[in-house]
Amino acid sequence: MSRPRRPKSASVKRPATPSDYVHVTTESQLAALVDRLAEHDSLGFDTEFVSEHTYRSQLCLIQVAAAGELAV
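Counting in my numbering, the final residue of the sequence shown is number 72, and the numbers go up one at a time with none missing.
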């Protein structure tokens, strides 16, 4: 009986640097980002919420990364 293999990690062509990101603030920037992301097989995302003094949390930030591109 063989041991199960660990899955391979996703490869990154070029890691993003702290200053290498797109700050999306308009609908046209968002549309362009969605078009670029659609070309990739996988992506990663992170969300941040604020829920202080309320029962319902509020989405305040979305970060998306694919193939070395990072957008906030």
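Since the hints were made in silico from the structure, they are not lab data. The model shown is predicted, which means the values in this text are computed figures rather than measured ones. Among the clues, some could well be false.
[Stated by the list, open to error] What follows is a list of derived Cβ distance ranges for each label pair:
#1 42 / 3: 33 to 39 Å
#2 2 / 43: 18 to 24 Å
#3 27 / 63: 23 to 29 Å
#4 4 / 54: 42 to 48 Å
#5 46 / 25: 16 to 22 Å
#6 43 / 5: 23 to 29 Å
#7 53 / 5: 45 to 51 Å
#8 48 / 2: 39 to 45 Å
#9 25 / 5: 42 to 48 Å
#10 55 / 5: 42 to 48 Å
For every residue, glycine included, the Cβ atom is placed at its ideal position computed from N, Cα and C.
Comparing the hints with the structure gives:
1. 42 / 3: 33 to 39 Å: 26 Å, violated
2. 2 / 43: 18 to 24 Å: 32 Å, violated
3. 27 / 63: 23 to 29 Å: 18 Å, violated
4. 4 / 54: 42 to 48 Å: 44 Å, holds
5. 46 / 25: 16 to 22 Å: 18 Å, holds
6. 43 / 5: 23 to 29 Å: Check passed, 24 Å falls within 23 to 29 Å.
7. 53 / 5: 45 to 51 Å: 48 Å, holds
8. 48 / 2: 39 to 45 Å: 42 Å, holds
9. 25 / 5: 42 to 48 Å: 43 Å, holds
10. 55 / 5: 42 to 48 Å: 45 Å, holds
Hint compliance for this structure: hints 1, 2, 3 are broken, all remaining hints hold.
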